[in-house]
Amino acid sequence: MDVSNTVTSHDHAHDHHDHGPAKGLMRWVYTTNHKDIGSMYLWFSFAMFLFAGSLAMIIRAELFRPGEQLVNPEFFNQMTTLHGLIMVFGAVMPAFVGLANWMIPIMIGAPDMALPRLNNWSFWILPVAFSILISTLFMKGSAPNFGWTFYAPLSTTYGPPSTDFFIFAVHMMGISSILGAINVIATILNMRAPGMTLMKMPIFVWTWLITAFLLIAVMPVLAGCVTMMLTDRHFGTSFFNAAGGGDPVMFQHVFWFFGHPEVYIMILPAFGIISQILPTFTRKQLFGYASMVYATCSIALLSFVVWAHHMFTTGMPLAGELFFMYTTMLIAVPTGVKVFNWVATMWQGAITFETPMLFTLAFIFLFTFGGFSGLMLAITPADFQYQDTYFVVAHFHYVLVPGAVFSIMAAAYYWLPKWTGHYYSETLGKTHFWLSFISINVTFFPMHFLGLAGMPRRVPDYALQFADFNQIVSVGGFVFGLSQIFFLYIVIKTIRGGKKATNLVWENAEGLEWTLSSPPPYHSFTTPPVIK
Amino acid sequence: MPSVGPVFSRLILALSACFCSNAWADYTLNMTRGSSSTSQDIYHLHMLILWICVAIGVLVYGLMIYAIIRHRKSNGHKPAAFHESTTVEIIWTIIPFVILVVMAVPATRVLIDMDDTSKAEVTILITGHRWHWQYDYIDEGINFLSMSSTPEEEINNLAPKNPHYLLEVDKPLVVPVGKKIRFIMTAKDVIHSWWVPALGVKKDAIPGFTNEVWTLIDADKPGTYRGQCAELCGVKHGYMPIVVEAKSVEEYQAWIAEQKAAKAKAAEPPKPATPAPATDVKAGEAKPAEAATPVVDAKTYSKEELMSHGENEYNGICAMCHKASGEGMPPTFPSLVGSKIVTEQQHITEQIRQIIQGKNAMPPFGNQKSDFDIAAIVTYERNSWGNNTGDIIQPSDVAKVRESLKKKS
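Protein sequences appear in the order of chains A and B.
Okay, so the first sequence: first residue is 1 according to this note's numbering, each after it adds one.
Okay, so the second sequence: first residue is 1001 according to this note's numbering, each after it adds one.
Just chain A, with the same shape it has in the complex (with noise of 0.2 Å):
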């Protein structure tokens, strides 16, 4: 019903389309154009990357020798915080909207996305946003230094004259994500081309619907438990201070209730780009398509009722912990059932280990292990021990870091033949990937042994038997941090030049994508396609 909508507006708008891009600078301010929006998406998350990146090696520098070497504590702090929240807000959410705006309206069919003036402004709000945030660093009195979790009083009563800018950027990013979210479900529900029912869409486009829905659900949350903030620190309020009738502890629920699904958020449309590549490569369809969809619903419902889980150690009482307990180990049978499902889809496929296969089946095995330690987690007794140390460090970046960045990075590779018609370097690429793979492991791996032997996180120094371990971890982050440096500059080398991509790309892809041609033309359907 919806479809014969949107086949006439379509023929409508095209009317008064230009052909091409405009030139010059101004293109990229004004553009409506959500390939442009997208490759800008995708850019700015890679430079909030290096710039994240880059202070993670800070921290990495410090913690190389036990004492205090490079930087004092009190940056120290500044470095984690800026760290988490640039790689969360700045890195991995953009880097995902930029792969919704530019595959999910070539994936179902779409002339464009349903809204393209909303869809620069979403982008053009984060540049802003983050200068903010980075400007904090060279205000006096410190930038924020309270932890990417930002747990009050520490940020409110305590924290430094620039939190208020970080509430304020905060706010901002919330926005731009809100607005994104908006645009990708009116995308999906209004714009699909004739015929593609919804369980027709690809799984990314799914996983993307069901992501959006989480955003819409949460970023008011956050939105809302910063404004708390700000009207303790400047209002007289006391929703956080317990000397006022307000409740510290409030302040983590509320952050919490926004930050599990937060991380799901990070990590669905990531099972989504897996879901797209392990076809591919296995030249086998998707084992398990309908419970692929239904697994990921279920992921993000239950996200809304596991978020005390961040909080065991706080004393909630004796019921709490045991309902936060059970729910968190029932997200295991929904994330179980989508790596049995890729295992099934492996099996007995004919593999090819091209670049976006090595990270896809790097992250399956390393999302998984990730997973495993999230299991350990949720066992209430033993996350006490857990809670708080490396080994949180370990599970949480095991997750993020070969989890969600390393299908980005198998997205990139994936679909950069498609983006610039060249064909990247297949050596080169699986340099890179062999680089990150080794590197990613000798960094996190060992945190894992750092924090079951007690090594607190977040601390500027730490006690001699904890020496040996940090020095490798050390190493292994430097080489990390290196290696994406040389993915700069393979994607730079695809985009000036290389071997011709067909419209197909590779051998086996399905997809509407894979019939426009490479480089798609910049509307991209202008008439949409019938999907029988």
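To be clear, the hints were calculated from the coordinates, so they are not data collected in a lab.
Computed from a predicted model, the values in this text were never measured in an experiment.
Glycine included, C-beta positions come from ideal geometry on N, C-alpha and C.
Certain hints may be false.
Between beta-carbon pairs, the in silico distance windows are [said to hold, decoys possible]:
hint : chain 1 : residue 1 : chain 2 : residue 2 : range
1    : A       : ILE492    : B       : MET1329   : 54 to 62 Å
2    : B       : ASN1367   : A       : LEU318    : 57 to 65 Å
3    : A       : THR227    : B       : ILE1095   : 39 to 47 Å
4    : A       : VAL128    : B       : ALA1081   : 27 to 35 Å
5    : A       : THR32     : B       : GLY1076   : 48 to 56 Å
6    : A       : LYS500    : B       : HIS1083   : 53 to 61 Å
7    : A       : ILE492    : B       : THR1210   : 30 to 38 Å
DSBU-like mimics (lysine-lysine), calculated; alpha carbons at most 30 Å apart, straight line [as the list claims (entries may be wrong)]:
hint : chain 1 : residue 1 : chain 2 : residue 2
8    : B       : LYS1407   : B       : LYS1188
9    : B       : LYS1078   : A       : LYS430
10   : B       : LYS1303   : B       : LYS1263
11   : A       : LYS200    : A       : LYS532
12   : B       : LYS1179   : B       : LYS1247
13   : B       : LYS1119   : B       : LYS1180
14   : B       : LYS1179   : A       : LYS200
15   : B       : LYS1171   : B       : LYS1359
16   : B       : LYS1299   : B       : LYS1179
17   : B       : LYS1260   : B       : LYS1119
18   : A       : LYS140    : B       : LYS1188
19   : B       : LYS1323   : B       : LYS1400
20   : B       : LYS1119   : A       : LYS140
21   : B       : LYS1073   : A       : LYS430
22   : A       : LYS499    : B       : LYS1407
23   : B       : LYS1263   : B       : LYS1407
24   : B       : LYS1407   : B       : LYS1340
25   : B       : LYS1359   : A       : LYS140
26   : B       : LYS1171   : B       : LYS1073
27   : B       : LYS1263   : A       : LYS500
28   : B       : LYS1188   : B       : LYS1359
29   : A       : LYS500    : B       : LYS1247
30   : A       : LYS140    : B       : LYS1340
31   : B       : LYS1260   : B       : LYS1180
32   : B       : LYS1247   : B       : LYS1260
33   : B       : LYS1263   : B       : LYS1179
34   : B       : LYS1299   : B       : LYS1359
35   : B       : LYS1179   : B       : LYS1119
36   : B       : LYS1303   : A       : LYS499
37   : A       : LYS532    : B       : LYS1171
38   : B       : LYS1359   : B       : LYS1340
39   : A       : LYS493    : B       : LYS1073
40   : B       : LYS1078   : A       : LYS200
Guided by the hints, dock chain B onto chain A, whose structure is given.
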């Protein structure tokens, strides 16, 4: 097998690093079994779930590696056409669910056990401050502060680090073995978290609220157990260690008696006729926490006495933030060198007030420090690092400020 090789080589690298490490580097790869019933329960849960994960991992990774090796195009493998099966989906939904139930049962049992803080024989109130711990033995009336005692030179790499670097305190928490101990946690400023792995205790200390947790150290395991603050609490979060001395019940009783005696002695009103109490309170011997008493100290001390006691006190508590050099770490911790409050005469009262009541990030020390301690600190700060004011502050001056603060409140 392109994906699994590095996993093993990395493990071997990590393991070999353990064997060729320095003598002091006491490695552990796994969670401690600890010395309390709780920590052992936790350890067993941890191992149970670890092995379950290993088993699932072997199965899943095994299948993946098999497919990667055997079902590759370069082997001439032809892709199969199957792509769904409701039966297997149901199977791999139900089996993990059953495994989860198997894990949840013992976890629930341990959690219920951990929750029961009743019938404790010793109760200790733990208060987190930025950045030290305060211990109150509620039934015994004993209380003291416990601060990091790692010298600044070791942190700044100017001296070799001792084996307990960053895990040592001036005054450890003393507890008996074989008795159920209840800890009540709270905090003065921000959230801290009191963590001693060997006791299996980690609980947040939250300002304005209390949490309860208990431990029972095995009767045959007296010893020294070390831990750290586990919740980011500001710039000195990494320098907030915990040391617990677990003593046999007899030794613990003796320690309690000793502490009570020391406290009683300090609380005795000074006999004005008795000559030379000053020789009793030689610098360096004064125990800060035990000296904490509201009794007015009317004696007049010499500048040398005040300076040497002040230096000790300053390096014990103040230097943590304001540095031994007095330069602090601006802007969070202001420099005392040439600061108005510390050098101008009209601010002496304010300087004493700030030590008693605290200011911004600085905690109040009025309850822990005697008039003599504070007078000595103020005198020391006013006559060190080029602050050559020549001011000498006597305990009676501090007592006056205390009185006026009391009246105000």
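Verification of the supplied hints:
1. A:ILE492 <-> B:MET1329: 54 to 62 Å: 42 Å, violated
2. B:ASN1367 <-> A:LEU318: 57 to 65 Å: Taking Cβ atoms as reference, ASN1367 of chain B and LEU318 of chain A lie about 34 Å apart, which means the hint is violated.
3. A:THR227 <-> B:ILE1095: 39 to 47 Å: Holds, since THR227 of chain A and ILE1095 of chain B (Cβ atoms, about 45 Å apart) stay within the stated range.
4. A:VAL128 <-> B:ALA1081: 27 to 35 Å: 51 Å, violated
5. A:THR32 <-> B:GLY1076: 48 to 56 Å: This hint holds: roughly 49 Å between Cβ atoms.
6. A:LYS500 <-> B:HIS1083: 53 to 61 Å: 32 Å, violated
7. A:ILE492 <-> B:THR1210: 30 to 38 Å: 58 Å, violated
8. B:LYS1407 <-> B:LYS1188: 23 Å, holds
9. B:LYS1078 <-> A:LYS430: 25 Å, holds
10. B:LYS1303 <-> B:LYS1263: 27 Å, holds
11. A:LYS200 <-> A:LYS532: Roughly 10 Å separates the two Cα atoms, so the pair holds.
12. B:LYS1179 <-> B:LYS1247: OK: LYS1179 of chain B and LYS1247 of chain B at ~11 Å, within 30 Å.
13. B:LYS1119 <-> B:LYS1180: 7 Å, holds
14. B:LYS1179 <-> A:LYS200: With Cα atoms ~65 Å apart, LYS1179 of chain B and LYS200 of chain A exceed 30 Å; violated.
15. B:LYS1171 <-> B:LYS1359: 25 Å, holds
16. B:LYS1299 <-> B:LYS1179: Violated, at about 44 Å.
17. B:LYS1260 <-> B:LYS1119: Measuring from Cα to Cα gives roughly 24 Å; hence the hint holds.
18. A:LYS140 <-> B:LYS1188: Cα-Cα ~27 Å, so holds.
19. B:LYS1323 <-> B:LYS1400: This hinted pair holds, its Cα atoms lying about 28 Å apart.
20. B:LYS1119 <-> A:LYS140: Judged against 30 Å, a Cα distance of about 52 Å means the pair is violated.
21. B:LYS1073 <-> A:LYS430: OK: LYS1073 of chain B and LYS430 of chain A at ~18 Å, within 30 Å.
22. A:LYS499 <-> B:LYS1407: Status violated; Cα separation ~85 Å.
23. B:LYS1263 <-> B:LYS1407: 27 Å, holds
24. B:LYS1407 <-> B:LYS1340: It holds: about 26 Å lies between the C-alpha atoms, which stays within 30 Å.
25. B:LYS1359 <-> A:LYS140: 20 Å, holds
26. B:LYS1171 <-> B:LYS1073: 68 Å, violated
27. B:LYS1263 <-> A:LYS500: 86 Å, violated
28. B:LYS1188 <-> B:LYS1359: Holds, at about 13 Å.
29. A:LYS500 <-> B:LYS1247: 76 Å, violated
30. A:LYS140 <-> B:LYS1340: 21 Å, holds
31. B:LYS1260 <-> B:LYS1180: Status holds; Cα separation ~22 Å.
32. B:LYS1247 <-> B:LYS1260: 17 Å, holds
33. B:LYS1263 <-> B:LYS1179: 25 Å, holds
34. B:LYS1299 <-> B:LYS1359: Satisfied, since the Cα-Cα distance of roughly 29 Å is no more than 30 Å.
35. B:LYS1179 <-> B:LYS1119: 10 Å, holds
36. B:LYS1303 <-> A:LYS499: 85 Å, violated
37. A:LYS532 <-> B:LYS1171: 77 Å, violated
38. B:LYS1359 <-> B:LYS1340: Satisfied, since the Cα-Cα distance of roughly 15 Å is no more than 30 Å.
39. A:LYS493 <-> B:LYS1073: Holds, at about 29 Å.
40. B:LYS1078 <-> A:LYS200: With Cα atoms ~26 Å apart, LYS1078 of chain B and LYS200 of chain A stay inside 30 Å; holds.
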